[in-house]
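These protein sequence lines map, in sequence, to chains H and V.
Reading the first sequence from the start, the letters are residues 1 to 412 in my numbering.
Reading the second sequence from the start, the letters are residues 413 to 655 in my numbering.
Quick caveat, the hints were computed from the structure, so don't treat them as lab data.
Every residue, glycine too, gets a C-beta built ideally from N, C-alpha and C.
Possibly wrong hints are sitting among the right ones.
Claimed, not checked - Result set (DSS-like, lysine-lysine): computed pairs, CA atoms no more than 25 angstroms apart in a straight line:
(1) V:K502 - H:K312
(2) H:K92 - H:K258
(3) V:K577 - V:K502
(4) V:K532 - H:K7
(5) H:K312 - V:K559
(6) H:K402 - V:K429
(7) V:K415 - V:K559
(8) V:K501 - H:K402
(9) H:K312 - V:K429
(10) H:K312 - V:K643
(11) V:K415 - V:K502
(12) H:K92 - H:K66
(13) H:K325 - V:K502
(14) H:K92 - H:K119
(15) V:K501 - H:K403
Claimed, not checked - Calculated Cβ distances over 12 angstroms to all of chain H for the following chain V residues:
(16) I417
(17) P457
(18) D584
As the list claims (entries may be wrong) - Using C-beta positions, here's what the derived DEER-type ranges look like:
(19) V:E533 - H:I367: 53 to 63 angstroms
(20) H:L283 - V:L489: 51 to 61 angstroms
(21) V:G459 - H:V379: 29 to 39 angstroms
(22) H:I394 - V:L489: 23 to 33 angstroms
(23) V:D486 - H:V379: 34 to 44 angstroms
(24) V:G423 - H:L25: 51 to 61 angstroms
(25) V:E533 - H:L283: 45 to 55 angstroms
(26) V:H617 - H:G348: 29 to 39 angstroms
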Amino acid sequence: MLTDVFKIAWQGVVTHTSRAVLTVLGVVIGVTSVMTVISAGESAQAYVVAEISSFGPTNIFVLPGKQPKGPSGAAGTLSNDSLKERDVESLKQKTNVPKVKAVIPYVFGYETLVVDEEKYNAMVIGSSELIQKNFDLSVSSGRFLLGSDITDHTQVVVIGDTIREKLFGLSDPVGQKIKIGNSKLTIVGVLAKKGQSSFFDANKSVIAPYPVIQQNILGIKYFQRLIVEAQTAEDVSGTIADITTTLRINHNITDPAKDDFFIRTQGDLVNQISTITTILTVLLLCVAAISLIVGGVGIMNIMLVSVTERTKEIGLRKALGATNKNILRQFLYEALILTGGGGLIGVGLGTALVWGMTWAAQSFAGINLPYVFSLRGLVVGLGVSVTIGLVFGIFPARSAAKKNPVESLYSD
Amino acid sequence: MNKNILIETKGLEKIYKEDGDIETRALQGIDLIIHEGEFVAIVGPSGSGKSTLMQLLGFLDRPTSGTYFFQGEDVSLLSDEELAHIRNKKVGFVFQAFNLLPRQSVLENVKLPLIYAGIKEPERTQRALELIDLVGLSDRASYQAQKLSGGQKQRVAIARALINKPRVIFADEPTGSLDSKSGEVVLHFLQDLHKQGNTIILVTHESYVAESAQRILHIKDGLLAHDEEVKNRRIIEHDGFKK
């Protein structure tokens, strides 16, 4: 009996195809946006997490200043001068940090690069030769920084591929001079083209020995980051404790509340990014929810019109023995078929849209954005559309069921 | 002929209330008895209340007051759902406007009451096809109802009315939308069904249609004005539906 009423409802939908399509348009759009938002959010999150993970699970980031409360507080850490050369030397000592593999100082700023009359604004990074392996950088011509460049304060720089293209075009930049701030550095290498990472864009950056950047260009004596590499991922938590102890001794800190540095790991970053993308996703979902409600009201509207239009049919069915329950179910099922179908179409469209977005990002922007089919999006999209069918379908269905057979049969 | 009482009403009244105080007294106390196996015509001018009477007798509506016994059972005590079941199993309707589902096939239309009766396939299709054959539309079973002529539509409606083997068939102006030839075919068929022992209640305002029945109930101003035995009954000859 239930399947029979379902079949009747199905016929009711397919005999009015064009009306059905118009009716579900709102739901289709709503579910498409829900699916797109969730799916795109998950893709972006997967991308960022993968990028952060690419820094390696053994990396420990030491940052100056107090642990910021939110993402906006991070800017305040850039001008804090608590991390000094002395800290780098202490952290390198196996007696202080037994499981340390490498300590990589890191400073950065935005500067204008000048070659002849050509100018280009880029990220200028000061670090050591060790950053090459840690950031997985390779050179397409020339060489990377050497250990001796750091100790000798050699005035050399490696430049990103985009900078090479903008400032040198087709000519080979290796051996040529580039002006950064008030200093002239010799280009010794060009970085191989690399996809954008969440941390920095190697193509639009230059990397020089950190003492050169600190003294000649930024005019600072501190570090904005220290990257401490532990020997294995298992050593990370022990190493964090050792770093903390060492730096507190160096900075004469006895009260942990007065720490002038804090520590981030890849895991922390992943959590932070996940929180941010989740908040963004929820916000966008709220917007999508509005379109779903509009779609639901649309369904209710058309269903009410349809009930009025089909008064005669309802009367006839009742005369032939349909109970109020039969009629209620018929119209409720129609609403559910419409919204459920609309939901499925929406999920399909949303999926296609996000797939297209990731494809475009990969092929045109060179961003390795992974495509993620969102199961959560599927469940939410279908769940919400069916709920809308129930909520907005029940009122028209009840008004259909309550119709008096005589008045319905003899209406025009 | 069977002499069991099928329908008995006492003081049946129906008052319609429209927007506030205006009352229309469509039926003002009807007492009547209809036996099983009778062919009764209810006649009267428009507005006389004959349609209202048929609607009450056909369980499509409830009386304002009075009692209605169907097979000895007081119908006023039944719930909406029980009335739906009675309409489904004990009553067959034939309407002036045919009232078929226009976009559905002849077969689907005839099957419809069986769905609400909870009868399963393949019995549904089998029974429907038998009746479609009986009304001579076997070759049209898969046609959309809206593609048929008026006479064919009414024959589909008759097949549909018969599908649950009802105790009584109500025909409300069954010839009203038909040309005279198709109308005669329908009347012939009702007479045929009557001959086979079915109870038929025919509502009409045309006397020549009413004369195909055995008995005529004249309704006037909501009252049973005259209960007449048809002396010169019009027997309609027809060589069946098969064409």
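Results of checking the hints against the structure:
no.	hint	result
1	V:K502 - H:K312	holds (22 angstroms)
2	H:K92 - H:K258	holds (24 angstroms)
3	V:K577 - V:K502	holds (7 angstroms)
4	V:K532 - H:K7	holds (14 angstroms)
5	H:K312 - V:K559	holds (19 angstroms)
6	H:K402 - V:K429	holds (18 angstroms)
7	V:K415 - V:K559	violated (42 angstroms)
8	V:K501 - H:K402	holds (21 angstroms)
9	H:K312 - V:K429	holds (22 angstroms)
10	H:K312 - V:K643	violated (39 angstroms)
11	V:K415 - V:K502	holds (18 angstroms)
12	H:K92 - H:K66	holds (23 angstroms)
13	H:K325 - V:K502	holds (20 angstroms)
14	H:K92 - H:K119	violated (38 angstroms)
15	V:K501 - H:K403	holds (21 angstroms)
16	I417	holds (24 angstroms)
17	P457	holds (17 angstroms)
18	D584	violated (9 angstroms)
19	V:E533 - H:I367: 53 to 63 angstroms	holds (57 angstroms)
20	H:L283 - V:L489: 51 to 61 angstroms	holds (60 angstroms)
21	V:G459 - H:V379: 29 to 39 angstroms	violated (60 angstroms)
22	H:I394 - V:L489: 23 to 33 angstroms	holds (30 angstroms)
23	V:D486 - H:V379: 34 to 44 angstroms	violated (53 angstroms)
24	V:G423 - H:L25: 51 to 61 angstroms	holds (56 angstroms)
25	V:E533 - H:L283: 45 to 55 angstroms	holds (52 angstroms)
26	V:H617 - H:G348: 29 to 39 angstroms	violated (58 angstroms)
Violated hints, in rising order: 7, 10, 14, 18, 21, 23 and 26; the structure is consistent with all others.
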